[in-house]
Amino acid sequence: MYKVKVYVTLRESVLDPQGTAVKGALHSLSYTEVQDVRIGKFMELIVAKSERDINKLVREMCEKLLANTVIEDYRYEIEEVVVQ
Amino acid sequence: MKFAVIVFPGSHCDVDMYHAIADELGEEAEYVWHDAANLDRFDAILLPGGFSYGDYLRSGAIARFSNVMNAVQKAADEGKPILGVCNGFQILLEAGLLPGAMRRNNSLKFICRPVSLKVENNETMFTSAYKQGEVITIPIAHGEGNYYCDEQTLKRLMENRQIVFRYHGENPNGSLDGIAGIVNEKGNVLGMMPHPERAVDPLLGSADGLRLFQSIVKYWRETHAVTA
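If you're matching them up, the sequences are chains A and B in order.
Each residue of the first sequence is one higher than the one before, starting from 1 at the first, in the working numbering.
Each residue of the second sequence is one higher than the one before, starting from 1001 at the first, in the working numbering.
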């Protein structure tokens, strides 16, 4: 069994209106050191082992559904876990 | 002429769309559930607004994998008119039937009010009843209508005259180049954030949207008169 953590954020080249608003709020709380905020999504998948390659599988899922690569970047971490 | 109004779980402009076709336009309309496999008996396909699948993950991201979308793809390939409004536009983008993607409105607010639109191309099957450059009033109602595409795509959209509507005057949502509606390269798939089906009678505040549907009927009559 695998635990897969997928992180999806807007691409660097795409303005993130939520991140910009949160950055403004942090500045007004006097955290003026904050230079940039990007808001994204975190997804945790539990995936059973199969004959299919887990890396390939996760990449496909990200490209097809979990991220919209026109505006979003994704990265993921795969961790092998023991079934309880 | 027979219009299909596709209904996804969470669609909510389907009734307005049906009303616009059946009562205002006087053509045939039929609701089609998202699991339908075949749309061959329809002359045009309408993807209404709403919040299909609760807008989970991204607007339109889950609806685009509905069974009916295979049939929509087929109808698009056959050159039938396909109109996606609001969430319908978002679904067409996610499905890759139109280029680009939607971001949250730059104000982060859901905006629901009439806006001015400029008809940028009246030589499409959806806009022939408008004058080139005409300014019309149609309501918008969305939280994610901030259109985005990369520079190359934008250049292509402009070269092919695929930008059909732009916001006139103020840009309500931050949309790239003021884009409010685009067609595919072939010209038979239109996606737009404003709701023409909510502007089909002066009682609703504007009847400017009705001419969009009348354009589709005119196109259909002309292309079918040849074979009749």
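Source of the hints: derived by calculation from the structure; they are not laboratory data.
Don't take each hint at face value.
For lysine to any residue, the following SDA-like pairs were computed, each having C-alpha atoms within a straight-line distance of at most 25 Å [what the hints assert, rightly or not]:
id : chain 1 : residue 1 : chain 2 : residue 2
1  : A       : K41       : B       : N1106
2  : A       : K64       : B       : Q1073
3  : A       : K49       : A       : R38
As the structure is a prediction and not an experimental result, all values here were calculated from the model.
These are the hints, each one checked on the structure:
{"no.": "1", "hint": "A/K41 - B/N1106", "verdict": "holds (19 Å)"}
{"no.": "2", "hint": "A/K64 - B/Q1073", "verdict": "holds (17 Å)"}
{"no.": "3", "hint": "A/K49 - A/R38", "verdict": "violated (33 Å)"}
Going down the numbered hints, you'll see the structure goes against just number 3.
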